[in-house]
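Trainee: Given next are the chains, with one letter for each unit.
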Amino acid sequence: MSSDGVSTSRVAAPAGTVPHESDAAAPLVRLQHAGVRFGAVQALRDINLALHRGDRLVLVGANGSGKTTLLRLLHGLVPHEGRRDVQRSAQGREPVSAMLFQRPFLLSLSVRFNVLLGLWLHRVPRAQRGQRCARALQRVGLDALAARPARALSGGQQQRLALARAWALQPDILLLDEPTANLDPGAKREVERLIDALAADGVTVVMSTHNLGQAKRLATRVAFLDAGRLVVDLPVDRFFTDALPAEAARFLKGELPWSR
Amino acid sequence: MNSIADSLALAWQLITTADAALWRIVGLSLRVSATACAIGALAGLCLGAWLAVARFRGHRAAVWAVNSLLALPSVVVGLVVYLLLSRSGPLGSWGILFTPNAMVIAQSILVVPLIAALSRRLVLDGLRDGGDQLRSLGASPLQSALLMLVHERFGVLTVGLTAFGRAVSEVGAVMIVGGNIDGFTRVMTTAIALETSKGDLPLALALGVVLLGVVGLINGVIMAMQSRTSLEREVYV
Numbered sequence: 000m001s002s003d004g005v006s007t008s009r010v011a012a013p014a015g016t017v018p019h020e021s022d023a024a025a026p027l028v029r030l031q032h033a034g035v036r037f038g039a040v041q042a043l044r045d046i047n048l049a050l051h052r053g054d055r056l057v058l059v060g061a062n063g064s065g066k067t068t069l070l071r072l073l074h075g076l077v078p079h080e081g082r083r084d085v086q087r088s089a090q091g092r093e094p095v096s097a098m099l100f101q102r103p104f105l106l107s108l109s110v111r112f113n114v115l116l117g118l119w120l121h122r123v124p125r126a127q128r129g130q131r132c133a134r135a136l137q138r139v140g141l142d143a144l145a146a147r148p149a150r151a152l153s154g155g156q157q158q159r160l161a162l163a164r165a166w167a168l169q170p171d172i173l174l175l176d177e178p179t180a181n182l183d184p185g186a187k188r189e190v191e192r193l194i195d196a197l198a199a200d201g202v203t204v205v206m207s208t209h210n211l212g213q214a215k216r217l218a219t220r221v222a223f224l225d226a227g228r229l230v231v232d233l234p235v236d237r238f239f240t241d242a243l244p245a246e247a248a249r250f251l252k253g254e255l256p257w258s259r
Numbered sequence: 000m001n002s003i004a005d006s007l008a009l010a011w012q013l014i015t016t017a018d019a020a021l022w023r024i025v026g027l028s029l030r031v032s033a034t035a036c037a038i039g040a041l042a043g044l045c046l047g048a049w050l051a052v053a054r055f056r057g058h059r060a061a062v063w064a065v066n067s068l069l070a071l072p073s074v075v076v077g078l079v080v081y082l083l084l085s086r087s088g089p090l091g092s093w094g095i096l097f098t099p100n101a102m103v104i105a106q107s108i109l110v111v112p113l114i115a116a117l118s119r120r121l122v123l124d125g126l127r128d129g130g131d132q133l134r135s136l137g138a139s140p141l142q143s144a145l146l147m148l149v150h151e152r153f154g155v156l157t158v159g160l161t162a163f164g165r166a167v168s169e170v171g172a173v174m175i176v177g178g179n180i181d182g183f184t185r186v187m188t189t190a191i192a193l194e195t196s197k198g199d200l201p202l203a204l205a206l207g208v209v210l211l212g213v214v215g216l217i218n219g220v221i222m223a224m225q226s227r228t229s230l231e232r233e234v235y236v
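Which chain is which? The protein sequence lines are A and V, in order.
Oh and the first sequence: position 143 is 142 in numbering that gives the first Met the number 0, straight run, nothing missing.
Oh and the second sequence: position 29 is 28 in numbering that gives the first Met the number 0, straight run, nothing missing.
These are calculated hints, taken from the structure and not from any lab test.
The structure presented is a predicted model; accordingly, all values stated were derived computationally and were not measured.
Just so it is clear, CB atoms sit at the ideal spot from N, CA and C, and this is done for glycine as well.
Don't take each hint at face value.
If we take Cβ atoms under 7 Å as the criterion, some of the chain V residues that face chain A in the derived model are [stated by the list, open to error]: (1) Q132; (2) R134; (3) L136; (4) G137; (5) H150.
Working from the sequences, and respecting the hints, build out all of it.
Mentor: Right, here's the structure in full:
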């Protein structure tokens, strides 16, 4: 059991059971026997997962294993089977989630307007938008480029802008879908540093990646998915040292094919 | 009858000497078609955005209808508007048949399906790339669709130009509901048809040249804006 009360050693529960959890803190999001189907394709099946405040959960697995779909499910972007429960505050407010996609989608507007747009869509009062936008751009080092067209930025800058747009919403949960894929090493380090800083501020982070080194650097928990199933979910140190289920062990050794 | 070269020379003279009759016709044409496109764009863009994201019983039939109406013959539009606006029609009390207003209504109806069908496609293509991102930011489906129109504004401009080209070059609807009245409802296309039948090729050619010039000018502006955006990208990256 970890100090934050989350069950920290958890092989995915068999159907009909719920993973053991501490009562210390209610999870921000809890999935119970959740599944996602796209037509004839079962993208996720029988997922049991609890996401607690402050978690840094990294999802690993081959292409097509369901990582992106799980992120979208946690965000509530896809219809699902089973249960998805979201913790509400005393005022009835759901946790604010923000998601970054592998290829950040930026509107053909200026850098500044892209951030302001996110705030407007989130119904942030007009009086707060300018200040929050400026702070977010400053945080990712893009304040000097605020007037430039967002689509004219380099790949790394675009990903930083997407991070700024997400951070400006003051999210409780930040969902990142392979945020450093396609970036050069310098941009990758810069984005990793920002993610680390946001997580250090108390934002709960869930991130998918193929980069196991990145998982070691950023995660407190690592979950492995295979063919739409959550095979194992362990604290980061134990994920890389414990005996793992066969599929996860083969993935770590690089023996699994790239896609399933 | 003049030879083609003589006709072209006379046409050029009409243009360069700012012939009053010529420019009155050109002015009315541009005014009618621009107004029709503005009204058609308002309705067509909203309809296209809505059809891209709305889901209701009969949605497929509605999309089929809009796409089919892309090939709507202008004379049919003219006939329908004529029946509506004629003295015995349901809108006969408006008393606008054979006026520029009737021509605006007819051309608006003509371009709405074109703008709706093309803008729906633009929105769908945009949503394929960024729909999830906008939803994750809290946008409703209709907000996402409308934002895609902003995002794809050069595409929207091209749609507008296409609609303007359709409106300014059609002859059937404006002939039926406008009546081609000299000095009042005569526009470039109806004048070209009339002057050609009368054998007055210089005026017809002059109007044709102006028509091509207008469309070419608008297209040039859009191309310049697009290349400026590309240049900005190259400069900044």
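Trainee: Could you tell me which of the hints above the structure violates, numbers in ascending order?
Mentor: Per hint list: zero violations.
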